[in-house]
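Student: Here is how the chains run, residue by residue.
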Amino acid sequence: GENVEQHPSTLSVQEGDSAVIKCTYSDSASNYFPWYKQELGKRPQLIIDIRSNVGEKKDQRIAVTLNKTAKHFSLHITETQPEDSAVYFCAASIKGGSNYKLTFGKGTLLTVNP
Amino acid sequence: DSGVTQTPKHLITATGQRVTLRCSPRSGDLSVYWYQQSLDQGLQFLIQYYNGEERAKGNILERFSAQQFPDLHSELNLSSLELGDSALYFCASSVAIGAPDTQYFGPGTRLTVL
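Note that the protein sequences, when read in sequence, are chains A and B.
For the first sequence, the working numbering begins at 500 and goes up steadily by one.
For the second sequence, the working numbering begins at 76 and goes up steadily by one.
The hints are simulated quantities; they were obtained by calculation from the structure and are not laboratory data.
Some hints here could point you the wrong way.
Within a straight-line C-alpha distance of at most 25 Å, the following computed PhoX-like cross-link-like pairs (lysine-lysine) qualify [unchecked claim]:
{"no.": "1", "chain 1": "B", "residue 1": "Lys84", "chain 2": "A", "residue 2": "Lys594"}
{"no.": "2", "chain 1": "A", "residue 1": "Lys556", "chain 2": "B", "residue 2": "Lys84"}
{"no.": "3", "chain 1": "A", "residue 1": "Lys605", "chain 2": "B", "residue 2": "Lys84"}
Some chain B residues well away from chain A (every beta-carbon gap over 12 Å; in silico) [unchecked claim]:
{"no.": "4", "residue": "Asp76"}
{"no.": "5", "residue": "Gln92"}
{"no.": "6", "residue": "Ser106"}
{"no.": "7", "residue": "Gly117"}
{"no.": "8", "residue": "His148"}
{"no.": "9", "residue": "Asn152"}
{"no.": "10", "residue": "Ser155"}
{"no.": "11", "residue": "Gly159"}
{"no.": "12", "residue": "Ser161"}
Label pairs and their calculated CB-CB ranges [what the hints assert, rightly or not]:
{"no.": "13", "chain 1": "A", "residue 1": "Glu504", "chain 2": "B", "residue 2": "Gln142", "range": "19 to 25 Å"}
{"no.": "14", "chain 1": "A", "residue 1": "Asn598", "chain 2": "B", "residue 2": "His148", "range": "26 to 32 Å"}
{"no.": "15", "chain 1": "A", "residue 1": "Pro581", "chain 2": "B", "residue 2": "Ser155", "range": "31 to 37 Å"}
{"no.": "16", "chain 1": "B", "residue 1": "Pro145", "chain 2": "A", "residue 2": "Ser511", "range": "32 to 38 Å"}
{"no.": "17", "chain 1": "B", "residue 1": "Ser155", "chain 2": "A", "residue 2": "Glu514", "range": "45 to 51 Å"}
{"no.": "18", "chain 1": "A", "residue 1": "Asn552", "chain 2": "B", "residue 2": "Leu105", "range": "22 to 28 Å"}
{"no.": "19", "chain 1": "B", "residue 1": "Leu105", "chain 2": "A", "residue 2": "Gln580", "range": "35 to 41 Å"}
Glycine residues also receive a C-beta, built at the ideal position from the N, C-alpha and C atoms.
Full structure from sequences and hints, please.
Tutor: Below you can see the structure in the form of structure tokens.
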């Protein structure tokens, strides 16, 4: 089955710096890659996603890049703010029959220090 | 607010007991997914239902079962509970299964087994 590796597991940055979180996936048939942000005790919330026919997508301070050849995708957060502090999960979607299933990475705890 | 609702928010019970977690998907969503999130763990996919039918199984124990009803709400039944079953249980919903689709998460049910 699909395996998603996420690095680093923890990341600490100063407010205003950039943060980059990287994920690799194992199944070349994966075609949808969402990123979720989860604050402590809260639900995961989709922050950005990218499909396999696109190499890069940006939404204000957040961007995601996808390298299908290398089977990795990354989340970039610029001008970080304390409210960006949370756990971030990447995921990859793989089709099985007529069904799509998400496999999640283990998460990155991002801390933005004021 | 994602539009996905889950009840109860918290559940405290004893080992050996049985509990039922309930999830109502977003209006119009036909697919429901259940995930388990233990302390320091990522999101472990348990099971998926689409329009009342089971469509995919993940790391779901035999002591756990689920179903989706005609009104599309879903229930996750956990029986013979063990201490290790203590976790956050999330459900998510999406429109369909025929294409990789965004999953929207509910607020979760925190289960504590004493």
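Student: Hints first: check each against the structure and report whether it holds.
Tutor: Evaluation of the provided hints:
At most 25 Å may separate the alpha-carbon atoms for a hinted pair to count; Lys84 of chain B and Lys594 of chain A exceed this at roughly 32 Å. With a C-alpha separation of about 35 Å, the suggested pairing of Lys556 of chain A with Lys84 of chain B is violated against the 25 Å cut-off. This hinted pair checks out: Lys605 of chain A and Lys84 of chain B have alpha carbons roughly 24 Å apart, not beyond 25 Å. Residue-level check failed: Asp76 of chain B sits 10 Å from the nearest beta carbon of chain A, not beyond 12 Å.
Once the 12 Å rule is applied to beta carbons, Gln92 of chain B is consistent with being away from chain A; the minimum gap is 23 Å. Some Cβ of chain A comes within 12 Å of the Cβ of Ser106 of chain B; the nearest lies about 9 Å off, and the non-interface call is violated. With a cut of 12 Å on Cβ distances, Gly117 of chain B falls inside the contact zone with chain A, its closest approach being about 4 Å. Taking the minimum C-beta to C-beta distance to chain A, about 17 Å, the non-interface status of His148 of chain B holds against the 12 Å cut.
No Cβ of chain A comes within 12 Å of the Cβ of Asn152 of chain B; the nearest lies about 21 Å off, and the non-interface call holds. Distance check for Ser155 of chain B against chain A: the nearest CB is about 27 Å away, which clears 12 Å, and the non-interface claim stands. Consistency note on Gly159 of chain B: stated as away from chain A, and its beta-carbon is indeed over 12 Å from all of that chain's, at 18 Å minimum. At roughly 14 Å, the least C-beta separation between Ser161 of chain B and chain A is larger than 12 Å, which holds for a residue marked as non-interface.
Remark: the range hint 19 to 25 Å for Glu504 of chain A to Gln142 of chain B is contradicted by a beta-carbon distance near 33 Å. The hinted range of 26 to 32 Å is not satisfied by Asn598 of chain A and His148 of chain B, whose Cβ atoms lie roughly 20 Å apart. Between Pro581 of chain A and Ser155 of chain B the Cβ separation comes to about 43 Å, which falls outside the hinted range of 31 to 37 Å. For the pair Pro145 of chain B and Ser511 of chain A, the beta carbons lie near 49 Å from each other, so the given range of 32 to 38 Å is not met.
Checking the proposed 45 to 51 Å range against Ser155 of chain B and Glu514 of chain A shows it holds: the Cβ atoms sit about 48 Å from each other. Taking the beta carbon of each, Asn552 of chain A and Leu105 of chain B are about 25 Å apart, inside 22 to 28 Å as hinted. A C-beta distance of roughly 37 Å is found between Leu105 of chain B and Gln580 of chain A, which places it inside the suggested range of 35 to 41 Å.
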